[in-house]
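First to last, the protein sequences are chains A and B. Under the working numbering, the first sequence has 104 at position 104, and the numbering climbs by one with no breaks. Under the working numbering, the second sequence has 41 at position 41, and the numbering climbs by one with no breaks.
Think of the hints as simulated: they come from the structure by calculation, not from any bench. Honestly, I wouldn't trust all of these hints.
Copies of the same chain look alike in the list, so a pair counts if it fits in one copy or across any two.
Unchecked claim - With a cut-off of at most 20 Å between alpha-carbon atoms, the simulated EDC-like pairs for lysine to aspartate or glutamate come out as follows:
no. : residue 1 : residue 2
1   : Lys136    : Glu211
2   : Lys136    : Asp185
3   : Lys153    : Glu211
4   : Lys62     : Glu232
5   : Lys153    : Glu229
6   : Lys233    : Asp97
7   : Lys62     : Asp38
8   : Lys62     : Glu51
9   : Lys136    : Glu112
10  : Lys233    : Asp48
11  : Lys233    : Asp195
12  : Lys153    : Asp64
13  : Lys136    : Glu156
14  : Lys165    : Asp38
15  : Lys136    : Asp160
It should be emphasised that the depicted structure is a prediction, and the values quoted were computed from it without experimental measurement.
There are 2 protein chains.
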Amino acid sequence: MTNPTAAMLVIGDEILSGRTRDANMYHLAGRLTEMGIDLKEVRVVSDDASEIVDAVNGLRSKFDHVFTSGGIGPTHDDITADNVAAAFGVPIGPRQDAIDILATNYPGGHTELNAARMRMTRIPEGAVLIDNPISKAPGFTIGNVHVMAGVPKIFEVMLDGLLPKLTGGDPVVSESVRLNIPEGDVAGPLGLIADAFPTLSIGSYPFSNSEGYGTNIVMRGTRASLVAEAAEKVRETFDVD
Amino acid sequence: MTNPTAAMLVIGDEILSGRTRDANMYHLAGRLTEMGIDLKEVRVVSDDASEIVDAVNGLRSKFDHVFTSGGIGPTHDDITADNVAAAFGVPIGPRQDAIDILATNYPGGHTELNAARMRMTRIPEGAVLIDNPISKAPGFTIGNVHVMAGVPKIFEVMLDGLLPKLTGGDPVVSESVRLNIPEGDVAGPLGLIADAFPTLSIGSYPFSNSEGYGTNIVMRGTRASLVAEAAEKVRETFDVD
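Using the sequences provided together with the hints, build the complete structure.
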């Protein structure tokens, strides 16, 4: 049995201009790996309608899940919900349950549920809301696309609510072996080990420090016993304790 | 005149598994913005031949430049060069100038230019080498695709050599205004300002701290006078000194 697959779509000019360093990709990658959903691709696109529609449609037809991040706030540049609706060819409009949730956030005082905030109650037809315990404005799931906020704290809390509802696969386990050997000397023998364990992903990551060059070898797979066996083979081959 | 456009392709299972946090995207985005090349899309794909070929061909036909990061080392999982060659439909093999460069790195001692390291001298036909002053193994440019290492220090030094050779556009200047006003109250008036400055990219980024909610407004564009004018309009509209 193979694990479910996923893609991520990050929406936002602020990432592409270098103003903001994306944090959500790294967080999502780790969370999905833990639950056995294989993240296969990430795309970052600008706040542009046709780019968003094309990316959503390209990714949702190819992977079991698509997670989006960014562009669901109250301002003119928040166009994700509209374009996800367009990608699915469904109407979008303010929805009463989203209005009720947002209204609890503005019981009076100096903020109000104005026209801009009402933008955040616009949900594509047929979507299921994703809870946002921090700032209330919900995300949503439509088909296999999960639409979430870009602000990392809110993205993470939305994922906390969403992920337990998804079916995971076999969690991927990994083991690392640190070698004080340059990658170019590791590569030949390591290739033979990789050939001998075709179901594992065996990666090699060079480093350098004051003592010279070295290489971290990382074995990843869903069968812990096989991962352990490959790690032992690496230790044996390169004479590591 | 519009600025040249670019995409980035990050190649590596270690990013998608959450083992490694990508640093090259943020670095490249900032460098391109400085020189007036507009980064329009980023993709992260796994160490998979057909994914790499499809992404290279999809992106190089759509943008003026494609910058890749990762997968050009000596090990079995370094398959970028082969698949960039496949994307262009050209042969690949060891090239004498690359061998000469690498040989200077191994003048004797405990490392040698073995079969694995020879992998790093394999260059697609017609490519131009990109200098690597740190670990010598070169990157290369073929057509409009610039192939570089994934290790951040090496990626950055390769860019240092490459970027001055590319033609930039009008550098994008930006100005920020910090408002101690929740984004939902900023959104309405800000939309009108965005409409009045259609050639600028005006973004809105909410924050929260102990004093409550606020919003950073960022105006970006190639005409500094227009950016300043929009910033002044924001300050005036929201009564900021």
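Evaluation of the provided hints:
1. Lys136 / Glu211: Only across copies: Lys136 and Glu211 sit 19 Å apart there, 52 Å inside one copy, limit 20 Å.
2. Lys136 / Asp185: This pair counts as between: shortest inter-copy Cα distance 16 Å, intra-copy 54 Å.
3. Lys153 / Glu211: between (39 Å within a copy, 18 Å between copies)
4. Lys62 / Glu232: Answer is neither; intra-copy 36 Å and inter-copy 46 Å both fail.
5. Lys153 / Glu229: Classified as neither; 39 Å inside a copy, 33 Å across copies.
6. Lys233 / Asp97: Result: close neither inside a copy nor across copies, 57 Å intra and 36 Å inter.
7. Lys62 / Asp38: within (13 Å within a copy, 28 Å between copies)
8. Lys62 / Glu51: both (17 Å within a copy, 12 Å between copies)
9. Lys136 / Glu112: within (14 Å within a copy, 60 Å between copies)
10. Lys233 / Asp48: neither (50 Å within a copy, 24 Å between copies)
11. Lys233 / Asp195: Within one copy only: 12 Å inside a chain, 63 Å across chains, cut-off 20 Å.
12. Lys153 / Asp64: Neither: 25 Å inside a chain and 35 Å across chains, both beyond 20 Å.
13. Lys136 / Glu156: Within. Shortest intra-copy distance 14 Å satisfies the 20 Å Cα cut-off; inter-copy 41 Å does not.
14. Lys165 / Asp38: within (16 Å within a copy, 39 Å between copies)
15. Lys136 / Asp160: within (14 Å within a copy, 45 Å between copies)
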